[in-house]
Amino acid sequence: MAELTQSTPPAKSVLEIPLWQVRLRLLWRSLKTNLALFAENPIGLVGVAIIAFFFMFTIIHPILMNTVWDKNTYDPVVGYDAEIPFHPAPPSAKHILGTDPLGRDVLSQLMWSTRSEFILGLVAALVSVVIATTIGAITAYYGGFIDNFFMRLADIVIMLPYISILIVMSALFDLTLPVLALILGILGGFGGTTIIIKSQALTIKVRTYIEAARVAGGGDFHIILRHIIPNLMPLSFLYMMFAVNGAIASEAVLSFFGLLNIRMSWGLMIYTSSYSGYLLDFQKWWLIFPASLSISMLCAAFYLVGRAMDEIINPRLRKR
Amino acid sequence: MCADEVVREPLVQVEGLRKLFPLTSGLFARSSDYIHAVDGINFSIRDGESLALVGESGSGKTTTGKLLVRLLDPTSGSIRMRIDGYERDIAKLRGAELKGYRRHVQMIFQDPYESLNPRRTVYDTIAEPLVVQGIGDIAEREQLVAHYLELVGLAPPDTFMFRFPHELSGGQRQRVAIARALVVVPSFVVADEPTSMLDVSIRTGIMHLMQNLADQMGVTYLYITHDLAVARYMSNNLAVMYLGKIVEQAETEEVLAKPLHPYTKALLSAVPVPDPEFKRSIPDIKGSIAKPINPPPRCRFFDRCPLAEKVCEENDHPPLEDKGGGHYVACYLV
Amino acid sequence: MSETVLRVDDLTMHYTTRAGEVSAVNNVSFSLQRGQSMGLVGESGCGKTSVAFSLMKLLPDNAHIKQGHIYLNGTDVVSLREEDMRKLRWSKISMVFQAAMNALNPVYKVGDQILEAMETHGLVETLQSAREHIASLFELVGLDPKLMDQYPHEYSGGMRQRAVIAMALSCNPDIIIADEPTTALDVIVQDALLREMIELQKKLNMSMIYISHDIAVIAEVTERIGVMYAGRMAEFGSAVEIFKHPLHPYTFGLMSSFPSIVGEKRELVSLPGEPPDLINPPSGCRFHPRCPYATEICSQQDPEFKDLGGDHYVACWHPLEAN
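Chains as they are written, first to last, in the working numbering: chain V, 37 to 356; chain C, 1202 to 1535; chain P, 326 to 648.
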């Protein structure tokens, strides 16, 4: 390391580069390393592939709607194909996945809903993880009354039957997509994830570098913000993946019960088939199968990504 | 000590320092059970000098170190320090005053792998005391960090400044820890076994570094260690602790050449000597170290002492007394 | 002339990792007589623990012995199959691991754990005789035999270390390897344990390989010393010789950097640099980047491990003159 045999002029001293730029470069470098590690795991790659596949839907749908597909026929919410006498119609060249009982193209519905599924999942997951991380860090750090309060709250949230709460919520609020995302996020945030993140925060709290920060003069806020939370972030990110999984599944269930005020979603597609009496009609498979398969696959995809991340995060947590 | 040497003022004066931990675990622990980790100790360190605090596990040396940097709050006693010309009792400081005090007292920790936040760069770690104490702007801090990196031997600073701890070796990490401790130019540094987790060939380098920096910057040290050989090289004064009490204190060479307390004698004779032909005497000590829980009011060393007499059992732990020439011993029989 | 219980010839062992091939042990040779004690001293990463694991054939999957021989009572264990090695392990050669106190299973009584080891080697005839044997082992290592029926958490650190030594002795091995057995112990406890280990070794006429980074402990406990650096044996010979006349610059540097409470307070010498990366070790002599006496040949060719007579072996192009 001491031997520097350069024939090229020395690189610009890192001191001359503004600090924020250095930090950006470091972030970029660590991102690349993490991605490389992630890419070694087939589980993760399968998950990412599935997510990418569904992501394509969100891009392709507007293209199709503006080019090949006739707006009146293929609109996922208000479309109607008058040319076909009986709906739901089985798959054909015109409707690759057939039509639903209201005459709307199933494939179009599927693709269009993907966007809301993604938004719902990610917003709910983000909200829940931000809440869980903040509360986890604070309760672990302070202990005492705050700790007891939030832990008992978490116990209550876990104990209460999840679906029942959501049903009650639907009575109290008009459950549009943003409202639903928020509620799922809050419920998730105060529940089990908090406990997991808190226990991780407890292990961080007793580390020597926290003592060192205190000796340097760091106050509670400084230590929580700059030491505890950054070390929780890998775990938070991991649980975000699992939270997406939960959010999408919850939406599907609520839609199935007709409790939501959303224009179109996969759960709603199943609901439509259900109230039209086609739920158990396996002859008309295109009414249930594509939607439920999509739900399962997208949920599974995020779970797989989470598992792959888990394998990166845990050994490194151990190593460090 | 030569006659025309300036008698330095004590920088740190500890009196009656006591730290008790309530024992809450165990099936039969009552609420009145306490661990007497530090059980009333007195010592002082003069400006620019160093004191080695030596003891085995359970002696209370690490707890003492933590009390001096206020990572722990004393149960009773005083820690008087002279900062900016004023003498203050550190044990009583709170809030903003405590934060201000922290600028003058820093700590170097034992484990170089644990004392650095793995997610922060070397720059962030060393600059942290500056940031928290509000010293300098970003540019000034970068310059300071670079300067101290060079000072601790991590040159050129460019290559080290934005590395992460896992990209450094143990010795390098400890140098970063030293830089962090010194960047605010403290008057007093507590070093808690800073070399015990390092490889032998690296240890000496760190020891030399710390000595040089102490001389250069006029820093006063409290050096905590279990290794008497290391203590010999790091400080000119030595205090031996046992079960929360100081049993002997004098200049290092004096203690090593003429140990007076039976524990010190046993400790010295137990240290392995790197010479195959050296015949060590068997340490004159019996039993094993007890846990300092609710110690009975007698000499703490009574149950292990080869010289133990009635007077040792009937009276509380003997006070530290000067037996001549600044050599303090806590023993009734010396 | 006592017999040679162990002879290691040109042992080379590498680990395959994602980052590359780690040459952990390279061309290491030494021998051990019956009843003799030998120390392996060096810093972290020098390969001393790897050598121990190679001797026991307790290597992880990614480790390969690339060449060399390990003659245990004449049998070359390098080529031995696992089933056959299992018979030798613990009964001919056993090991006290580093932080051995953590090797005790907390949910079983200590005596039962030793019993299990003996059972695996078919040394249990009756429960009664086995328990008597364990009791005598306990006494041998300085433990109250009643402790046999207690759990590890009821023991202190020093006691646990003794229990693990008893376990290693349970099948009457010819050789016992002790890997830093006293590192985590206080100095007074360490002293007692070291004295007992020396006595034990003499009493059982057992050979011992003592691994440590602490040259003071090695000086007191062992008759012969092997100094290892970066996977190579730098110097080997009788303890007295090595301390009085260190020939390898690393050995000399190591000794000069060790503080002592005895004698004059002398200047400590610090070795510059760091131990090398074993994936890309320096060319030639691995110590050359840190060696104050290095010349060109040192960076080009790896020095041979030479017998300089008087039970003193060195691997160096410029061994220091005895002065």
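By construction, these hints were calculated from the structure, which means they are not laboratory data. Wrong hints could be hidden among the right ones.
Calculated lysine-lysine pairs in the DSS-like style (CA-CA distance at most 30 angstroms, straight line) [what the hints assert, rightly or not]: (1) Lys631(P) / Lys569(P); (2) Lys569(P) / Lys1492(C); (3) Lys1487(C) / Lys528(P); (4) Lys1511(C) / Lys1480(C); (5) Lys1459(C) / Lys569(P); (6) Lys1487(C) / Lys569(P); (7) Lys434(P) / Lys1524(C); (8) Lys382(P) / Lys417(P); (9) Lys107(V) / Lys320(V); (10) Lys1480(C) / Lys590(P); (11) Lys1492(C) / Lys434(P); (12) Lys1480(C) / Lys528(P); (13) Lys382(P) / Lys569(P).
Right, here's what the structure says about each hint:
1. Lys631(P) / Lys569(P): The given pair, whose Cα atoms are some 19 angstroms apart, holds under the 30 angstroms limit.
2. Lys569(P) / Lys1492(C): 42 angstroms, violated
3. Lys1487(C) / Lys528(P): Measuring from Cα to Cα gives roughly 24 angstroms; hence the hint holds.
4. Lys1511(C) / Lys1480(C): Outside the cut-off at roughly 33 angstroms; violated.
5. Lys1459(C) / Lys569(P): 28 angstroms, holds
6. Lys1487(C) / Lys569(P): 34 angstroms, violated
7. Lys434(P) / Lys1524(C): Violated, because 51 angstroms separates the two Cα atoms, which is more than 30 angstroms.
8. Lys382(P) / Lys417(P): Since the Cα atoms of lysine 382(P) and lysine 417(P) sit roughly 13 angstroms apart, the hinted pair holds (cutoff 30 angstroms).
9. Lys107(V) / Lys320(V): 25 angstroms, holds
10. Lys1480(C) / Lys590(P): 19 angstroms, holds
11. Lys1492(C) / Lys434(P): 24 angstroms, holds
12. Lys1480(C) / Lys528(P): 20 angstroms, holds
13. Lys382(P) / Lys569(P): Violated, at about 34 angstroms.
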